[in-house]
Amino acid sequence: MDRLLGATPVFTGLYYQLNFGNQGRIGWRTKPCQRYRQQLIHMSALCSHQLEDKYNFKAKVFHAKDLPDKKAYQAAHGSDLFIRDIDEYDRICKVEPFNRSLQETETDVMINGRRRDHGAERAQLEEFEDGHPVKSNPLAWWTFKDCFDYLDRHDLERHPLHSQGYPSVGDVHSTLPVPQDKWFEYGGERSGRFQGLKNADGTDKTECGIHVGGHDAESGLSNIRA
Numbered sequence: 001m002d003r004l005l006g007a008t009p010v011f012t013g014l015y016y017q018l019n020f021g022n023q024g025r026i027g028w029r030t031k032p033c034q035r036y037r038q039q040l041i042h043m044s045a046l047c048s049h050q051l052e053d054k055y056n057f058k059a060k061v062f063h064a065k066d067l068p069d070k071k072a073y074q075a076a077h078g079s080d081l082f083i084r085d086i087d088e089y090d091r092i093c094k095v096e097p098f099n100r101s102l103q104e105t106e107t108d109v110m111i112n113g114r115r116r117d118h119g120a121e122r123a124q125l126e127e128f129e130d131g132h133p134v135k136s137n138p139l140a141w142w143t144f145k146d147c148f149d150y151l152d153r154h155d156l157e158r159h160p161l162h163s164q165g166y167p168s169v170g171d172v173h174s175t176l177p178v179p180q181d182k183w184f185e186y187g188g189e190r191s192g193r194f195q196g197l198k199n200a201d202g203t204d205k206t207e208c209g210i211h212v213g214g215h216d217a218e219s220g221l222s223n224i225r226a
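Numbering (our numbering), first residue to last: 1 to 226.
Any given hint could be a false lead.
Below, simulated DSS-like cross-link-like pairs (lysine-lysine); rule was C-alpha separation at most 25 angstroms, straight line [unchecked claim]:
(1) 198 with 182
(2) 182 with 205
(3) 182 with 70
(4) 60 with 71
(5) 70 with 205
(6) 182 with 54
(7) 54 with 71
(8) 65 with 182
(9) 182 with 145
(10) 65 with 54
With beta-carbon atoms standing in for the labels, derived distance ranges [said to hold, decoys possible]:
(11) 146 with 75: 27 to 35 angstroms
(12) 80 with 152: 23 to 31 angstroms
(13) 177 with 78: 35 to 43 angstroms
(14) 87 with 176: 19 to 27 angstroms
(15) 127 with 55: 33 to 41 angstroms
(16) 72 with 106: 40 to 48 angstroms
(17) 198 with 56: 20 to 28 angstroms
(18) 65 with 200: 18 to 26 angstroms
(19) 164 with 185: 15 to 23 angstroms
(20) 123 with 195: 33 to 41 angstroms
(21) 123 with 80: 17 to 25 angstroms
(22) 180 with 153: 30 to 38 angstroms
(23) 153 with 120: 27 to 35 angstroms
Keep in mind the hints are simulated off the structure, nothing from the lab.
Computed from a prediction, not measured in an experiment: that's the story for all the values here.
Beta carbons are placed, not taken as given, at the ideal position from N, Cα and C, and that holds for glycine.
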């Protein structure tokens with residue numbers, strides 16, 4: 001984190017992708033840079049405004065394209081798109097808004113809070129991933145307990161949904177509480193995410209699309225989605 005704090009004023013194209021979970025809250029100590037949050041179906045929308053007020057920043061909000069609110073989204077795609085076509089749901093709600101946000105903010109380096117102890121595709125995560133933009137994963141080698149210790153040491157608020165049993169913040173329709181004795185196990189933090197969801201190939205879903213490697217033909221960005 002010391003390297004991240006020191007690098008923030010040096011780069012002009014820094015972009016902080018956050019979901020307001022514990023690892024996202026660690027970034028409040030960084031100096032101002034672009035911050036992104038998604039809207040409509042993500043649990044982060046439930047508490048984002050209070051954090052913006054407390055820490056004196058304004059996140060840039062990107063909706064699904066041409067769909068300014070949940071009502072408009074459901075009118076266009078229904079309430080069960082994530083069941084009917086999970087890839088299309090990811091494209092509309094996650095990938096396209098996120099890639100558009102990277103383009104509009106002219107991002108060179110995208111900072112995020114992924115860690116190895118999340119497991120699955122993140123198990124071999126390195127601190128930097130080459131691509132356009134470069135991904136910075138400053139917490140790659142941290143544990144979930146390290147995140148709590150950091151918040152306590154610097155008097156940063158924990159996520160309010162922790163008190164309701166949610167160690168990880170995901171979509172409202174596919175995120176369940178996790179028994180607290182499993183929170184600090186390997187992969188335990190995200191074990192309540194993507195409940196009942198499968199990828200198109202039948203494998204268990206563990207990512208929403210924005211952290212999947214590869215080249216995105218629509219946006220011209222790499223290292224975001226296959």
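> Checked against the structure, which of the hints given earlier come out wrong?
Replying inline: When the structure is compared with the hints, numbers 3, 6, 7, 8, 10, 11, 12, 13, 15, 16, 17, 20, 21, 22 turn out to be violated.
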